[in-house]
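Assemble the complex: chain A is given as a structure, and chain B must be docked to it using the hints.
Chains as they are written, first to last, in this note's numbering: chain A, 1 to 391; chain B, 1 to 391.
FYI, nobody ran anything at the bench for these hints, they're computed from the structure. One thing to keep in mind: the hints can contain errors.
Simulated crosslink set (PhoX-like; lysine-lysine; CA at most 25 Å straight-line) [stated by the list, open to error]:
(1) B:321 with A:321
(2) A:11 with B:11
(3) A:302 with A:368
Take a look at the letters that make up each chain.
Number of protein chains: 2
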Amino acid sequence: MNDFIYHNTTKVIFGRSAEEHLGEEVSMFGKLLLVFGGGSARENGVYDRVMSALRESGVQSCELWGVKPNPDIDKVREGIAMARENSVSLILAVGGGSVIDTAKAIAAGVPYDGDPWDFYDGSRAPGIALPVGVVLTIPAAGSETSMTSVISNPDIPDKRGCTAPCLLPRFAVMNPENTFSLPPYQVACGASDMLAHMMERYFVNTNCCDLSDRMIEGAAQTVLNYAPMSILSPFDYDARAELMWAGSIAHCDILDRGRGEKGRGSDWASHQIEHQLSAFYDIAHGAGLAVVFPAWLKFVRKRNPRKLVQFGRRVFHILGKSDEETIDLMIEKLEGFFRTIGMPTRLSELGIGSEHFAEMAAKAVEIKKNNLGSYVRLSAEDVEEILNIAL
Amino acid sequence: MNDFIYHNTTKVIFGRSAEEHLGEEVSMFGKLLLVFGGGSARENGVYDRVMSALRESGVQSCELWGVKPNPDIDKVREGIAMARENSVSLILAVGGGSVIDTAKAIAAGVPYDGDPWDFYDGSRAPGIALPVGVVLTIPAAGSETSMTSVISNPDIPDKRGCTAPCLLPRFAVMNPENTFSLPPYQVACGASDMLAHMMERYFVNTNCCDLSDRMIEGAAQTVLNYAPMSILSPFDYDARAELMWAGSIAHCDILDRGRGEKGRGSDWASHQIEHQLSAFYDIAHGAGLAVVFPAWLKFVRKRNPRKLVQFGRRVFHILGKSDEETIDLMIEKLEGFFRTIGMPTRLSELGIGSEHFAEMAAKAVEIKKNNLGSYVRLSAEDVEEILNIAL
Chain A
1 MNDFIYHNTT
11 KVIFGRSAEE
21 HLGEEVSMFG
31 KLLLVFGGGS
41 ARENGVYDRV
51 MSALRESGVQ
61 SCELWGVKPN
71 PDIDKVREGI
81 AMARENSVSL
91 ILAVGGGSVI
101 DTAKAIAAGV
111 PYDGDPWDFY
121 DGSRAPGIAL
131 PVGVVLTIPA
141 AGSETSMTSV
151 ISNPDIPDKR
161 GCTAPCLLPR
171 FAVMNPENTF
181 SLPPYQVACG
191 ASDMLAHMME
201 RYFVNTNCCD
211 LSDRMIEGAA
221 QTVLNYAPMS
231 ILSPFDYDAR
241 AELMWAGSIA
251 HCDILDRGRG
261 EKGRGSDWAS
271 HQIEHQLSAF
281 YDIAHGAGLA
291 VVFPAWLKFV
301 RKRNPRKLVQ
311 FGRRVFHILG
321 KSDEETIDLM
331 IEKLEGFFRT
341 IGMPTRLSEL
351 GIGSEHFAEM
361 AAKAVEIKKN
371 NLGSYVRLSA
381 EDVEEILNIA
391 L
Chain B
1 MNDFIYHNTT
11 KVIFGRSAEE
21 HLGEEVSMFG
31 KLLLVFGGGS
41 ARENGVYDRV
51 MSALRESGVQ
61 SCELWGVKPN
71 PDIDKVREGI
81 AMARENSVSL
91 ILAVGGGSVI
101 DTAKAIAAGV
111 PYDGDPWDFY
121 DGSRAPGIAL
131 PVGVVLTIPA
141 AGSETSMTSV
151 ISNPDIPDKR
161 GCTAPCLLPR
171 FAVMNPENTF
181 SLPPYQVACG
191 ASDMLAHMME
201 RYFVNTNCCD
211 LSDRMIEGAA
221 QTVLNYAPMS
231 ILSPFDYDAR
241 AELMWAGSIA
251 HCDILDRGRG
261 EKGRGSDWAS
271 HQIEHQLSAF
281 YDIAHGAGLA
291 VVFPAWLKFV
301 RKRNPRKLVQ
311 FGRRVFHILG
321 KSDEETIDLM
331 IEKLEGFFRT
341 IGMPTRLSEL
351 GIGSEHFAEM
361 AAKAVEIKKN
371 NLGSYVRLSA
381 EDVEEILNIA
391 L
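Isolated chain A (complex conformation) (with noise of 0.2 Å):
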């Protein structure tokens, strides 16, 4: 087991009584800031419970609406200026993912002369952040209690994350009720996600870390079997409860404490590749990843199938079979659960050729400055050979 740190503040309120607790926790600042996504917020009930809770707590607010799926740094900079303008103490992010890390990026920049975009180019790192809460409504990405935060810029095209203590969020207010009406499509995007949270992790040559693989099979199992349910019965509390907890869990980084690569933390190959892929084509995180995960799992198993064999028997219970069968049924179990959420298996069901295959391997294994992966170190040729096998 490597040596590691462990500190995750996150003060996570989780429940139907959830939003009880939010006046509480923002009670001591002096106006906030909200970020919101498309509008969804106002047709199921949120907006109003928040805004009813901010009232009876007596604290101002602006709002910031319109961040979309893929997050751009321009609605960052948009954000930026109504936070100085309005002299917020707290960004209050009321969404999923891409909100919650348009907010991080607000929340770094404000307190920053430059540009924001200078967080995610890798040229600075955040030292200070306004204070981030989170009403949680998308279990998916695990922002609500992780130090990272994903920003896309068109301009380039990139899309690009930056991990700091200081984006980590104050509080998560998490509701599962809040996720009755989310669509499928979105539900099985957020599984997906997080699903592959955990597949990151779970793939490491670190020789001894059983504790944290045997909780990471148990957080897959759990993916496995509500997100399905999740969909059938969208009005299915412990469903969606299980669901919610599971992305957090993924994410908050208790499950990969003392693996990976030292200092490394786990691969990243797959979410690298599908950052480029939604760069590209602009499509849901999730959907890239489902794509993209079986198609680095077949290229992988040649080089090094230990973990994928132990992922097998131990997450789908595959027993009597041989290694390379246990693979075989392993990847085909996987990509059977995708599509039976809906989710695609191949690129092109993502209507995306093989046209900029060598941009985006080129691309990938450049930001990661030809550290591309740890399970199985993937070289530029490496990267287009899995989106061949995607497609």
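Relative to chain A, chain B alone:
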């Protein structure tokens, strides 16, 4: 799933290099009170490494030695006096659960006018406390990442727990190498304690708590695998690391959110019964639990077998058997595990007879105000029956 709040802010610093961070964690404090056990810290080099880190950071300290297993309230009173005399601003526990629990009690007692036993007999709840830091040397109690402290009062005799957010340690320095020299019996007691912490959380009637069920099942398997390894190969770093991290995970409350009766957490009847045993007989807590837990399982199986079957199938992989046979085998395997690591599984092995059963049973039920146990609610007669099963 029940509503819950999760907020655990302890900074875990884990690994071979953990002590290197001690200086920076304490450097902003004026003077520390160091709390130690019987003297093993002097023999195994931990004391020297801690003092060297403190010297480098220029922090002053005074020392309280001699905390015993089943730590008592007199030592707490002595520590409070010493902390006040020296105007310390942080209590640093160097040891295992007994030392940490004593440090927490001192931390809460310093700013309190009355007697610290008030926090344990339930007449007062600690609202503020000095910060507590930990250098963990015995993986067992999980006190390094918990809000709980358990203290004995030999005058009554009684052993009680107190839980409050202000008791949560600020940081925990955890170097598995510091556990290499632990006597096998102490390793076994620790493993028994952490397994009990997982099982107390596991056996609940909550309808849907699949994610945490599965994480507990994974964590329990880690203890079952690595406790014997740690005893057989004392210098196996990875085995020691798995066990040390499992002890913290077991008790940091990430495994029981959303479970148990609303507001009551999980079961804890076996712990209550064991607290009475070690208050009356001063036996090791882990040894007492290895005796009580199987007896509790044999008692509750008649009234509520469901989770026992699941535990047997998922943790011990007992497949193709009836529910009754699965429970038989599960208890047999659990007792076998305890015996393998050198734990007793009967009170007679500890030289304990039935003389005080009625008194202990009455006290265990009285402390919980007739609400002992949540998986199965226990009367004093039930507790006596469990103790008789354990004979």
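Hints and how they fare:
1. Taken as a hint, the residue 321 (chain B) and residue 321 (chain A) pair is honoured in the structure, with Cα atoms around 22 Å apart against an allowance of 25 Å.
2. With a C-alpha separation of about 14 Å, the suggested pairing of residue 11 (chain A) with residue 11 (chain B) holds against the 25 Å cut-off.
3. As the CA atoms of residue 302 (chain A) and residue 368 (chain A) are separated by approximately 23 Å, the hinted pair is consistent with the 25 Å bound.
Violation of the numbered hints given earlier is absent; every hint is satisfied by the structure.
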